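**Q** So the chains spell out like this:
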Amino acid sequence: MSGGLSGGASGAAAAGEVVLSARDVHRDYQLAGETVHAVRGISLEVRAGDWVALVGPSGCGKSTLLNLLGAIDRPTSGTIAVRGRDIAALRDRDATAFRLRHVGFVFQRFYLMPQLSALENIELPMAEAGVARAERRARARELLAYVGLDARERHRPAELSGGEQQRAAIARALANRPAFLLADEPTGELDAATGAGIIALFARLNAAGTTIVVVTHDGDLARAARRVIHLRDGHVVNEVHA
Amino acid sequence: MIGVLAAASLLRHRARTALAVAGVAVSAAMVLDMVMLSTGMRESFRSLLERGGFQVRVGPRGAMPFDGEATVGGGAGLLDTLRAIRGITMVAPVLGATLHAPQPGGAVAAFALGVIAGSQGDYVLQEGHEAVADGEVVLNDPMLAAVRRRVGDTLTLATGYDPQLRTFSGGRTLRIAGRVRFRYLAADQRGAALPLATLQAMGGDARRDRLSLVMLRVDPAADVEAIRAGIDAALPRVSALSTATALQQAEQRLSYFRQLAFILGSISLVVGFLLVTTIVTVSVHERVGEIAVMRAIGVSRRHVVQQVVLEGLVLSLAGSAGGLALGLVTARWLDSILATFPGLPESVDFFLFQSIPALAALGMLVLTGLAAGAIPAWRAATLPVAATLRREAVA
Numbered sequence: 001m002s003g004g005l006s007g008g009a010s011g012a013a014a015a016g017e018v019v020l021s022a023r024d025v026h027r028d029y030q031l032a033g034e035t036v037h038a039v040r041g042i043s044l045e046v047r048a049g050d051w052v053a054l055v056g057p058s059g060c061g062k063s064t065l066l067n068l069l070g071a072i073d074r075p076t077s078g079t080i081a082v083r084g085r086d087i088a089a090l091r092d093r094d095a096t097a098f099r100l101r102h103v104g105f106v107f108q109r110f111y112l113m114p115q116l117s118a119l120e121n122i123e124l125p126m127a128e129a130g131v132a133r134a135e136r137r138a139r140a141r142e143l144l145a146y147v148g149l150d151a152r153e154r155h156r157p158a159e160l161s162g163g164e165q166q167r168a169a170i171a172r173a174l175a176n177r178p179a180f181l182l183a184d185e186p187t188g189e190l191d192a193a194t195g196a197g198i199i200a201l202f203a204r205l206n207a208a209g210t211t212i213v214v215v216t217h218d219g220d221l222a223r224a225a226r227r228v229i230h231l232r233d234g235h236v237v238n239e240v241h242a
Numbered sequence: 001m002i003g004v005l006a007a008a009s010l011l012r013h014r015a016r017t018a019l020a021v022a023g024v025a026v027s028a029a030m031v032l033d034m035v036m037l038s039t040g041m042r043e044s045f046r047s048l049l050e051r052g053g054f055q056v057r058v059g060p061r062g063a064m065p066f067d068g069e070a071t072v073g074g075g076a077g078l079l080d081t082l083r084a085i086r087g088i089t090m091v092a093p094v095l096g097a098t099l100h101a102p103q104p105g106g107a108v109a110a111f112a113l114g115v116i117a118g119s120q121g122d123y124v125l126q127e128g129h130e131a132v133a134d135g136e137v138v139l140n141d142p143m144l145a146a147v148r149r150r151v152g153d154t155l156t157l158a159t160g161y162d163p164q165l166r167t168f169s170g171g172r173t174l175r176i177a178g179r180v181r182f183r184y185l186a187a188d189q190r191g192a193a194l195p196l197a198t199l200q201a202m203g204g205d206a207r208r209d210r211l212s213l214v215m216l217r218v219d220p221a222a223d224v225e226a227i228r229a230g231i232d233a234a235l236p237r238v239s240a241l242s243t244a245t246a247l248q249q250a251e252q253r254l255s256y257f258r259q260l261a262f263i264l265g266s267i268s269l270v271v272g273f274l275l276v277t278t279i280v281t282v283s284v285h286e287r288v289g290e291i292a293v294m295r296a297i298g299v300s301r302r303h304v305v306q307q308v309v310l311e312g313l314v315l316s317l318a319g320s321a322g323g324l325a326l327g328l329v330t331a332r333w334l335d336s337i338l339a340t341f342p343g344l345p346e347s348v349d350f351f352l353f354q355s356i357p358a359l360a361a362l363g364m365l366v367l368t369g370l371a372a373g374a375i376p377a378w379r380a381a382t383l384p385v386a387a388t389l390r391r392e393a394v395a
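Line by line, the protein sequences give chains A and B. Under this note's numbering, the first residue of the first sequence carries the number 1, and numbering increases by one thereafter. Under this note's numbering, the first residue of the second sequence carries the number 1, and numbering increases by one thereafter.
Just so you know, these hints were derived from the structure itself, not from any lab. Computed from a predicted model, the values in this text were never measured in an experiment. Glycine residues also receive a C-beta, built at the ideal position from the N, C-alpha and C atoms. One or more hints might be untrue.
[To be verified] Residues from chain B that face chain A, not an exhaustive set, calculated with beta carbons under 7 Å:
1. Ala-8
2. Arg-12
3. Leu-82
4. Ile-85
5. Thr-89
6. Gly-298
[As the list claims (entries may be wrong)] Label pairs and their computed distance ranges (CB to CB):
7. Arg-85/A <-> Val-282/B: 34 to 42 Å
8. Ala-129/A <-> Ile-337/B: 41 to 49 Å
9. Arg-85/A <-> Glu-286/B: 54 to 62 Å
10. Val-282/B <-> Ala-129/A: 25 to 33 Å
11. Thr-382/B <-> Pro-114/A: 16 to 24 Å
12. Asp-191/A <-> Leu-359/B: 58 to 66 Å
13. Glu-17/A <-> Leu-11/B: 44 to 52 Å
14. Arg-85/A <-> Gly-363/B: 41 to 49 Å
15. Val-240/A <-> Ala-371/B: 37 to 45 Å
16. Asp-94/A <-> Gln-259/B: 50 to 58 Å
17. Asp-191/A <-> Glu-286/B: 37 to 45 Å
18. Glu-286/B <-> Gly-130/A: 45 to 53 Å
[Stated by the list, open to error] Some chain B residues close to chain A (C-beta under 10 Å, calculated; not the full set):
19. Ala-7
20. Ile-297
21. Val-299
22. Ser-300
23. Arg-301
24. Val-305
25. Thr-382
26. Pro-384
27. Ala-386
28. Ala-387
All chains, please: the whole structure from these sequences, using the hints.
**A** Next up, the structure:
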C-alpha cells in the first residue's frame, strides 16, 4: 500500500473539535404493526480525529444510530448536529447533498456498483458532486493506490476478493474528502486475516486524521478504536476509552 | 456517469433487454402499420383521382361513377353544355359497358370503356396506339391473354350475350390498335377501350347518345367548387362530383379503417407502455439495494430518476428503430396480400409510408416509453434508504 493521501476532510476540523453530536435521540419505527423503539434517548459526541466503535448485541440500535448520524434516517425526536448544524431537520435534497459532501459510508456488504469498474465506483460520488472528469480520475487513482488496489482499477467488483471490494468501498467513501467515515460492520463479511487488513487501513486513515465511527461485532476492530460505546436496547450502557 | 449506469444496467441482462426491445419493436411496427393503413387508402385514392388531371366528374344523378349500369341520355347536348362553361378546359366523356368476345365453348367478358382518344384519363398506353378510328380497340394484358390476341390482330366483340342460347348481339369485328393498362381496374380484371361513338353504336338504341361519366379538367385559376355547384344546380339530370368531394365521400366510407387503425394503434401503444414499465420495474426491483446505496452515498433523486427513465427511453428508442424496419416489411407483405382483393384498382395501396405521420407515431411510442420509465423511476427515487438497506442486510 502507498503511504499518504492528498487533501483533508471537507471543511477540515481542528483536532478535538466536536464534529458530530447527538442529543437525546430517539428513533421509533413500525414493524409488522408494532412500534419498535430502536434508539431511546442516546446522546454522544464525536470529536475530530476520533475513532469510535459502537458495539452491542444484534438489534440494540447500532446500525439505526449510524444511519441517523449519517443523515440516511431521521430521528423521531432529538437533535443530531454536525459542527453545530442540525442535520435531523434537513429536507431530502439537502440531506442527500450533505451525505455526498460530508459523510463517507462503508457497508458490511461493500455495495459497489457491479456494472462499474473499481475506478468508476470511486469516481461515482465525485461525478455526482460535479468534480471534473480528469480531476476525479486522478483522485480515484490516488485513492486506489492508497488502499492498495492500483493494479485492479479496471476490475469489476465480481473480479475482486471480498477484502479488495471492501478496500474499494473505503476508497469510494473517501472520494469527496468527507468530514467523517461511518462504517457498518466493515469486517462482517471477511475472514480474520482479510479483516485485519481492513482494520489496519482504518488505523492508518485515523492516524492521518480521519474521524471514524464504526458499528461492529468484531472484537479486534472494536479494540483498535479509541473509544468503544456499548449499546443495549437502544441505550448507551457503557463507554470505554482506549 | 448516469448514462454509463443506465447502459450497464441494460447490458447486465442482455437476453432480457433484447426480448424487451423486440417486444417494443413489434408494438412499434403495429403502431406504424396502423398509421400507414389509416392514411394509405385515402392517399392512394387521392392519387388515383388526381392522376388523370381531372378535377370534376359528372354522372347520372343519384349514382356514383360506374356504380351500376346507370347512364345519362342526350350525351352530345350534355357535352356541348359542359364545354360552354367558363373555366372548363377539357371534357372527357366515358361510356361503360360489358363486352363479350366469342370464344370456343363460350365467351370472354371484359369491362369496356367508350372514350375519346386524346382526352381520356382512364388508361396508359403501353404498346401500339390509341383507339382513334371507328373499328379500333385497345386491350389490357388480361384481356389479350384471355382471347389469345396481340396488337394488330382483329377481335370480334359483342355488347350482348345470352349464355343460355350462346348467342351474341351487337357484335363487331375490331382491330386491336394497342395494349394498355387501366388505372381504375384490378390487376387481373379484363378491360377494353374503344372510341365512344363505336361503343354507342354497338349498343344500339340502349346506348345511343348515352354516357356513364364525363370527366372535366378545370383551369387552375378557376374555382372548382363553384363550377361543380353550378353544374349541379343547372343540370338536374346529372350530379357533379369534385375530386375534393369524392375524397370526402371516400373518407366517410373509409372511416371504418381509420377507426380500426386508431383502436389497434392505441392498443399497441398501451402494450408498448406496459412492456417498458414491466421491464424497467423488474430491473428496479432487482436493484433496490444498489439504488439505496447510491442514495446513501449522496446520489440525488433526480439522477436516480434520470438513470431509470433513460433505461426506458433506450428500450423504446431501440424498439422504435426496429419497429420502423419491421413495420415497413410487414406493411409491404400485407399490401401484397390485400392487393389481390377482388375489384380493387391495381394502383391502390393500403399501407402508405409518409415520413411525418410515421415519425410522429414512433415519437409517441418513445414518449410512451419515457412515461413508462417514469413510474418505476419515481419508485426508485423515493425508496426509504435506511429501511431498504436494513432489508437488504437481512436478506
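**Q** Using Cβ atoms only, decide whether Val-305/B comes closer than 10 Å to chain A, and label the hint accordingly.
**A** violated, 13 Å
**Q** At a threshold of 10 Å, is the proposed contact between Thr-382/B and chain A supported by beta-carbon distances?
**A** holds, 9 Å
**Q** If you take the shortest Cβ to Cβ gap from Gly-298/B to chain A, is it below 7 Å?
**A** Status holds, d = 2 Å.
**Q** Can the suggested window of 25 to 33 Å be confirmed for the beta-carbon pair Val-282/B and Ala-129/A?
**A** For Ala-129/A against Val-282/B, whose Cβ atoms are near 31 Å apart, the range 25 to 33 Å holds.
**Q** Verify the CB-CB distance for Arg-85/A and Gly-363/B against the hinted window 41 to 49 Å.
**A** holds, 47 Å
**Q** Double-check Thr-89/B for me: the hint is only fine if its C-beta lies closer than 7 Å to a C-beta in chain A.
**A** violated, 71 Å
**Q** Are Asp-191/A and Glu-286/B spaced within 37 to 45 Å by their CB atoms?
**A** violated, 28 Å
**Q** Kindly confirm whether 45 to 53 Å is satisfied by the beta carbon distance between Glu-286/B and Gly-130/A.
**A** violated, 29 Å
**Q** Do the beta carbons of Arg-85/A and Val-282/B sit within 34 to 42 Å of each other?
**A** Holds, since Arg-85/A and Val-282/B (Cβ atoms, about 40 Å apart) stay within the stated range.
**Q** Between the beta carbons of Thr-382/B and Pro-114/A, is the distance compatible with 16 to 24 Å?
**A** Given about 23 Å between the Cβ atoms, the range holds.
**Q** Between the beta carbons of Asp-94/A and Gln-259/B, is the distance compatible with 50 to 58 Å?
**A** holds, 53 Å
**Q** Can the hint on Ala-7/B be confirmed by a CB-to-CB distance to chain A that is less than 10 Å?
**A** It holds, given that the least Cβ distance between Ala-7/B and chain A is near 8 Å, below 10 Å.
Checked against the numbered hints given earlier, this structure breaks hints 3, 4, 5, 8, 9, 15, 17, 18, 24; the rest are met.
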